[in-house]
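A.B. asks: Listed below, chain by chain, are the residues.
Protein chains: 2
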Amino acid sequence: MHTDHGVIETPIFMPVGTAGTVKGVHQHELANDIKAQIILGNTYHLFLRPGMHTMEAAGGLHQFIGWDKPMLTDSGGYQVYSLASSRKITEEGVKFQSHLDGSYHFFTPERAIQIQRIIGADIIMAFDECTPYPCDYRYAKKSLEITHQWLDRCLEEMKISAPKYGHNQALFPIVQGSVYKDLRIQSAEKIASCEALGNAIGGLSVGEPEDELYEMTDLVCGILPSEKPRYLMGVGTPANLLECIALGVDMFDCVMPSRNARHGLLFTWSGTLNIKNEKWANDFSPIEEGSELFADKVYSKAYLRHLIKAGEYLGVQVATLHNLNFYLELMQEARNQLLAGTFTSWKNKMIPILKQRR
Amino acid sequence: MHTDHGVIETPIFMPVGTAGTVKGVHQHELANDIKAQIILGNTYHLFLRPGMHTMEAAGGLHQFIGWDKPMLTDSGGYQVYSLASSRKITEEGVKFQSHLDGSYHFFTPERAIQIQRIIGADIIMAFDECTPYPCDYRYAKKSLEITHQWLDRCLEEMKISAPKYGHNQALFPIVQGSVYKDLRIQSAEKIASCEALGNAIGGLSVGEPEDELYEMTDLVCGILPSEKPRYLMGVGTPANLLECIALGVDMFDCVMPSRNARHGLLFTWSGTLNIKNEKWANDFSPIEEGSELFADKVYSKAYLRHLIKAGEYLGVQVATLHNLNFYLELMQEARNQLLAGTFTSWKNKMIPILKQRR
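Respectively, the protein sequence lines represent chains A and B. For reference, each letter of the first sequence is one residue, going 1 to 358 in my numbering. For reference, each letter of the second sequence is one residue, going 1 to 358 in my numbering.
Be aware that one or more of the hints could be misleading.
Remember, identical chains collapse to one label, so a pair may be satisfied in a single copy or spanning two.
Cross-link-like lysine to any residue pairs, in silico, SDA-like; alpha carbons within 20 Å at most [said to hold, decoys possible]: (1) Lys-141 - Gly-271; (2) Lys-142 - Gly-6; (3) Lys-159 - Tyr-180; (4) Lys-349 - Tyr-165; (5) Lys-297 - Ala-340; (6) Lys-276 - Tyr-214; (7) Lys-142 - Lys-349; (8) Lys-159 - Thr-18; (9) Lys-69 - Pro-163; (10) Lys-35 - Phe-294; (11) Lys-159 - Gln-149; (12) Lys-228 - Gly-248; (13) Lys-69 - Glu-289; (14) Lys-23 - Arg-262; (15) Lys-309 - Ser-98; (16) Lys-159 - Gly-234; (17) Lys-69 - Glu-56; (18) Lys-88 - Gln-356; (19) Lys-88 - Tyr-180; (20) Lys-297 - Pro-209; (21) Lys-23 - Tyr-313; (22) Lys-69 - Gln-186; (23) Lys-181 - Glu-145; (24) Lys-309 - His-99; (25) Lys-190 - Asn-277; (26) Lys-279 - Asn-168; (27) Lys-347 - Gly-102; (28) Lys-69 - Pro-132; (29) Lys-309 - Ala-170.
FYI, nobody ran anything at the bench for these hints, they're computed from the structure.
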C-alpha cells in the first residue's frame, strides 16, 4: 500500500497511539526497534486533547509527535460510543459529552472528516456507528442505513475539502451490519461501490463468538475488492490475525498487545504467558529466545516480572515493546509465508502454538 | 574515582534507580544517551522486592537489571525511617514493618552489609540513622553515638565478609550530627579516621534552611580528606549542586530531577519551567535548544506538555531523560570549569540563571 509517507507492506499490524503516543514507546523505538510501518491515532482523544487549535498550529499529528511514517486515524465514532460520558445519536450526527471535562461536542460526518484533515492522517476513516454485540436486527438495520448515509456525506466532504499539509489523505469506508449476513452483504456491496483506495470492516471483535467474527469477515472479504487493502478494525489475538489473513485481511489494529503488556501478559512465539506468575521469579533467560529486539535480549523474564509487579514504568515499556514487536514479526513472517506460497500450512501449524499458555 | 565497573569522573550526579530501575528510563538510555557513569539502588526496596533470594540467584543487581557500570547502594536506613509502616530503633538495630505487605524485618549494621554484598554494589553505604529536621540536640547526640557504633560494626562486617561476584566493594562511612557544629566536627573526624575510599555526608537536605546545608557541608568538607571522594547524600537543586561543589563535594544523588520530571517540572540551562503551564501549549520549539539528547531534539515543549497533561507514560520518559541529562551535563560542565580553573566565576554567573523561573 502506498502513502505519501511511505509504502506499507501488508499484512500489517498498526500499533495504537491513542493520544498521539503509543503508550510507553518512543517514536524512534517504533520506527527502528519494532519497525512499525504505520501507527494509529484516535480522533476522539486528539480532538479533546490537545485539541484542534494546537494540532493545526503544530502542522498536524506527524509534526506534533515527530513521526514521519504513515498514520491512520479512526473517525472518533467508536470512542464517542464507548468513552463519552453521554451521547445522543441522530441522523445529523452524535452529540456527546467529554469524559475528561464534561464539555459538550457534536460530531457529524463532515466534522469527522474536517478533524481528520487537521490531524493530517494518511488514511482517514469514515464516520460510522459501530453497533454493539448483541444487537437486535432492527437496530442493526436502522444503524446501517445511517452509517451508509453518513458515508455519502463523508465522501462528499472529502471531495470538497483538501489536505492541509501537502500530503494526500485517503478515506477508507467501513462495512457494518453486526452479525447479520444480509446486512453485511448489503454493506460490503455499498462499500465496494465507493471505489476507495482501501476498505475497512468494522463492528466486529465487540464480544461476538469467534466463529461469527470469522464468518462475517469471510463473507465481507468475498465482496470487497481483493486488489485493495482490507482493514479489519480492532482485531485481535495472534491466532485471530492469522485466521483473518487467510480470509483476505491485510491490515489490523488492536489495543490488545499494548494493553495486555501493561498487565504483564506477553505474546511470544511459543504461546502466551503471564510474567507476574511466580514461576518466572528466578528465570533469568531472555524474554524471547532468539529475538533481535534489544528489550528481549537485555532484560530477563525475572527482571520484567519484578518491574511489572513493582508497578515500574520500565515494566510497561519493556512489555509493550516486546508485544508490539511480536505482533509485527508475526505479520512479517505471515508475509514471508504468503510470498513463499506456504502460508496455510504454516498458519495451521502456528495457531495451536500461539494459543498455548506457558 | 576507580571501581571495578569503571572510572567515574567527578563531580558526578547519580540517577536514583530505587527498585532496580531509574523510573521510565531504559538502561541503554542511561549509558548512551544521558551518559550516567553510576546509578544508585535502594537496599530497602530491593530487599523487600524482588528479595535477596532472587538477587543472589541473578548474580547481583548489575546482572539482574543489565547494567555493567558502577553502582552504589544506600544502606536501607533512610527508607526504613521514611517509608516503613512502623519501626523501632535500638542499639542492636532497627525492627520495621514493610510498607508493601506489613511483614516484619530486622536490619542491623551487619545485615545491611550482608544485603549490600548480595546486591553487589561497587559502593556500599554504612548503616546509620539519618536524623530528621528539626532534631533536638540530645536526640542528635545520642543518635550520632549509635551511628558511630554501627559504623564500627559495618567496618568489622566488611572485613570478615567477601564480595560475592568477583568485583570489589568499597564501604563509604557517613557523617551525621544534624545541624550541630560540634556533633558534625566530631562525626567528620571519626569518619575521616576510617580511611575509607570515599566518605559521605548524610542528614542534610531533610528540611533545614539552605544556609545550614551549606554551613554544615563546608564544615565537614574541611575535615574529610580532600583526596577522597566526598558524597553529599540527597542533594539537591542545580544551584545546591554548584554551591556544594564549591565547598568540595564530588558526588550527589537526589530524586528531584526524576520525581519533578514526573510532575512536568523541568530543569534547563535557562532556569526551571512547569511544562503544564498554558504558555507552552503551542510552543513547538525543542525542550532544550541546542541539546544533543534525542528527546530534547525530537520532541517539542507543546508535545511534552500534552503528554504530561494526558498522564502518558511517554511524558514521564521524555521529562525524566531531559532532567537527568541536564543534571549530568551540569556536572560535566562543572568538571570542565574546574579543570580550566574558571569554576567560581562560572558558578556565580550560572546560579541566578539556574534559579530563574521561565
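A.B. asks: Can you give me the call for Lys-276 and Tyr-214, within, between, both or neither, at a CA distance of at most 20 Å?
C.D. replies: neither (32 Å within a copy, 46 Å between copies)
A.B. asks: Reference check for the pair Lys-297 and Ala-340, CA-CA at most 20 Å: within, between, both, or neither?
C.D. replies: neither (29 Å within a copy, 42 Å between copies)
A.B. asks: Between Lys-159 and Tyr-180, at a C-alpha cutoff of 20 Å, which is it: within one copy, between copies, both, or neither?
C.D. replies: Result: close neither inside a copy nor across copies, 31 Å intra and 78 Å inter.
A.B. asks: Under a CA distance limit of 20 Å, which applies to Lys-69 and Pro-132: within one copy, between copies, both, or neither?
C.D. replies: neither (32 Å within a copy, 54 Å between copies)
A.B. asks: Is it within, between, both, or neither for Lys-69 and Glu-289, if the alpha carbons may be no more than 20 Å apart?
C.D. replies: neither (29 Å within a copy, 25 Å between copies)
A.B. asks: Should Lys-35 paired with Phe-294 be assigned to within, between, both, or neither, using CA atoms and 20 Å as the limit?
C.D. replies: both (13 Å within a copy, 18 Å between copies)
A.B. asks: Using 20 Å as the alpha-carbon threshold, which applies to Lys-159 and Thr-18: within, between, both, or neither?
C.D. replies: neither (27 Å within a copy, 56 Å between copies)
A.B. asks: Between copies, within a copy, both or neither: which fits Lys-142 and Gly-6 at Cα up to 20 Å?
C.D. replies: Neither way: Lys-142 and Gly-6 sit 39 Å apart in one copy and 71 Å across, limit 20 Å.
A.B. asks: Should Lys-309 paired with Ala-170 be assigned to within, between, both, or neither, using CA atoms and 20 Å as the limit?
C.D. replies: This pair counts as neither: shortest intra-copy Cα distance 43 Å, inter-copy 31 Å.
A.B. asks: Have a look at Lys-181 and Glu-145 and pick one of within, between, both or neither, based on CA distance no larger than 20 Å.
C.D. replies: This pair counts as within: shortest intra-copy Cα distance 15 Å, inter-copy 84 Å.
A.B. asks: Evaluate Lys-23 and Arg-262 at a C-alpha cut-off of 20 Å and name the case that applies: within, between, both or neither.
C.D. replies: both (9 Å within a copy, 15 Å between copies)
A.B. asks: Within a copy, between copies, both or neither: where do Lys-297 and Pro-209 come within 20 Å Cα-Cα?
C.D. replies: neither (37 Å within a copy, 47 Å between copies)
In terms of the numbered hints stated before, the structure departs from hints 1, 2, 3, 4, 5, 6, 7, 8, 13, 16, 18, 19, 20, 22, 25, 26, 27, 28, 29, listed from lowest to highest.
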